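Enquirer: Sequence:
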Amino acid sequence: MTDNKKYPSCNVIGNGKLEILSSGKTIPFKLLSMSAAGVLVHMEEDLDTSLQVLIHIVLKSGFFDVRINAEGVTGISSKLDSGFQCEIAFTNLSEDDQNEINELMISSCDLSYV
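If you read the sequence shown in our numbering, its first letter stands for residue 10, the second for the next number, and so on.
Misleading hints may appear alongside valid ones.
Cross-link-like lysine-lysine pairs, in silico, DSSO-like; alpha carbons within 27 angstroms at most [unchecked claim]:
(1) 69 - 88
(2) 88 - 39
(3) 26 - 88
(4) 69 - 26
(5) 69 - 15
(6) 34 - 15
(7) 34 - 88
(8) 15 - 26
(9) 15 - 39
(10) 34 - 69
(11) 39 - 69
Here are the computed distance ranges between Cβ atoms for each label pair [claimed, not checked]:
(12) 116 - 57: 14 to 20 angstroms
(13) 85 - 118: 19 to 25 angstroms
(14) 53 - 104: 32 to 38 angstroms
Hints in this document: simulated from the structure, not taken from any laboratory. These numbers were taken from a predicted model, which means no experiment stands behind them. Built from N, CA and C at the ideal position, the CB exists for glycine as well.
Assemble the whole structure, with the sequences as input and the hints as a guide.
Expert: Here it is, written out as C-alpha coordinates:
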(Lines of atoms letter the chains of each structure in order from A and count residues from 1; the text may use other names and numbers.)
(Lines give C-alpha, C1' and ligand atoms only; values in the text may rest on other atoms or scores of the structure.)
Protein backbone atom coordinates (compact mmCIF):
# COMPACT_ATOMS: atom_id res chain seq x y z
CA MET A 1 0.00 0.00 0.00
CA THR A 2 1.06 3.56 -0.35
CA ASP A 3 2.97 4.95 2.59
CA ASN A 4 0.62 6.83 4.91
CA LYS A 5 2.38 8.34 7.91
CA LYS A 6 -0.85 9.27 9.68
CA TYR A 7 -2.21 5.71 9.51
CA PRO A 8 0.45 2.98 9.36
CA SER A 9 -0.51 -0.27 7.64
CA CYS A 10 -0.33 -3.75 9.09
CA ASN A 11 -0.41 -7.25 7.63
CA VAL A 12 -3.59 -8.85 8.96
CA ILE A 13 -5.52 -12.08 8.46
CA GLY A 14 -8.92 -11.56 6.99
CA ASN A 15 -11.16 -11.85 3.99
CA GLY A 16 -14.19 -10.26 2.53
CA LYS A 17 -15.96 -9.18 -0.59
CA LEU A 18 -16.35 -6.01 -2.51
CA GLU A 19 -19.30 -4.85 -4.55
CA ILE A 20 -18.71 -2.68 -7.60
CA LEU A 21 -21.38 0.01 -7.32
CA SER A 22 -21.75 0.64 -11.08
CA SER A 23 -22.49 -3.01 -11.92
CA GLY A 24 -23.50 -4.66 -8.64
CA LYS A 25 -20.87 -7.36 -9.24
CA THR A 26 -19.49 -8.95 -6.06
CA ILE A 27 -15.89 -10.20 -5.86
CA PRO A 28 -14.37 -12.13 -2.92
CA PHE A 29 -10.89 -11.22 -1.67
CA LYS A 30 -8.24 -12.06 0.91
CA LEU A 31 -6.90 -9.21 2.97
CA LEU A 32 -3.13 -8.63 2.66
CA SER A 33 -2.64 -5.37 4.55
CA MET A 34 -4.83 -2.75 6.19
CA SER A 35 -4.67 0.73 7.65
CA ALA A 36 -7.29 3.29 8.58
CA ALA A 37 -6.77 4.79 5.12
CA GLY A 38 -7.49 1.63 3.12
CA VAL A 39 -6.66 -1.98 2.31
CA LEU A 40 -4.48 -4.08 0.03
CA VAL A 41 -6.37 -7.16 -1.14
CA HIS A 42 -5.68 -10.31 -3.18
CA MET A 43 -8.35 -11.41 -5.64
CA GLU A 44 -8.74 -13.54 -8.74
CA GLU A 45 -9.85 -10.64 -10.97
CA ASP A 46 -8.13 -7.48 -12.15
CA LEU A 47 -9.98 -4.24 -11.44
CA ASP A 48 -9.90 -0.90 -13.20
CA THR A 49 -8.78 2.09 -11.15
CA SER A 50 -11.24 4.61 -9.73
CA LEU A 51 -14.13 2.16 -9.31
CA GLN A 52 -16.51 3.03 -6.48
CA VAL A 53 -16.98 -0.05 -4.28
CA LEU A 54 -18.59 -1.23 -1.07
CA ILE A 55 -16.16 -3.27 1.04
CA HIS A 56 -17.19 -5.94 3.55
CA ILE A 57 -14.20 -7.12 5.63
CA VAL A 58 -13.95 -9.85 8.27
CA LEU A 59 -10.79 -9.71 10.41
CA LYS A 60 -10.00 -13.02 12.10
CA SER A 61 -9.11 -13.01 15.78
CA GLY A 62 -8.47 -15.80 18.23
CA PHE A 63 -11.44 -14.69 20.33
CA PHE A 64 -13.82 -12.97 17.92
CA ASP A 65 -14.15 -11.66 14.37
CA VAL A 66 -14.19 -7.94 13.58
CA ARG A 67 -16.50 -6.88 10.75
CA ILE A 68 -15.96 -3.65 8.84
CA ASN A 69 -18.21 -2.24 6.13
CA ALA A 70 -16.96 0.77 4.21
CA GLU A 71 -17.11 2.60 0.92
CA GLY A 72 -13.96 2.82 -1.14
CA VAL A 73 -12.33 3.54 -4.46
CA THR A 74 -9.98 1.17 -6.27
CA GLY A 75 -6.39 2.19 -6.89
CA ILE A 76 -3.41 0.46 -8.42
CA SER A 77 -3.84 -3.21 -9.33
CA SER A 78 -0.86 -5.53 -9.91
CA LYS A 79 -0.58 -9.03 -11.38
CA LEU A 80 0.69 -11.71 -9.00
CA ASP A 81 1.68 -15.33 -9.68
CA SER A 82 -1.81 -16.24 -8.54
CA GLY A 83 -4.38 -13.53 -9.18
CA PHE A 84 -4.06 -9.80 -8.55
CA GLN A 85 -3.48 -7.42 -5.68
CA CYS A 86 -5.40 -4.16 -5.55
CA GLU A 87 -5.25 -1.08 -3.36
CA ILE A 88 -8.59 0.24 -2.14
CA ALA A 89 -8.76 3.61 -0.38
CA PHE A 90 -11.54 4.10 2.14
CA THR A 91 -13.93 6.97 1.45
CA ASN A 92 -16.61 8.46 3.66
CA LEU A 93 -15.21 7.05 6.92
CA SER A 94 -15.71 9.34 9.87
CA GLU A 95 -12.64 10.42 11.80
CA ASP A 96 -13.90 8.33 14.74
CA ASP A 97 -14.10 5.22 12.52
CA GLN A 98 -10.60 5.90 11.16
CA ASN A 99 -9.26 6.29 14.69
CA GLU A 100 -10.91 3.04 15.81
CA ILE A 101 -9.42 1.11 12.87
CA ASN A 102 -6.04 2.74 13.55
CA GLU A 103 -6.16 1.70 17.21
CA LEU A 104 -7.14 -1.83 16.19
CA MET A 105 -4.16 -2.01 13.81
CA ILE A 106 -1.76 -0.62 16.43
CA SER A 107 -2.91 -3.03 19.13
CA SER A 108 -3.13 -6.05 16.81
CA CYS A 109 0.24 -5.57 15.15
CA ASP A 110 2.20 -3.92 17.94
CA LEU A 111 2.73 -0.77 15.88
CA SER A 112 3.88 2.50 17.32
CA TYR A 113 4.55 5.90 15.89
CA VAL A 114 8.20 6.70 15.38
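Enquirer: Against which earlier hints does the structure fall short, listed by number upward?
Expert: Hints 6, 12 are the ones this structure does not satisfy, whereas the remaining hints hold.
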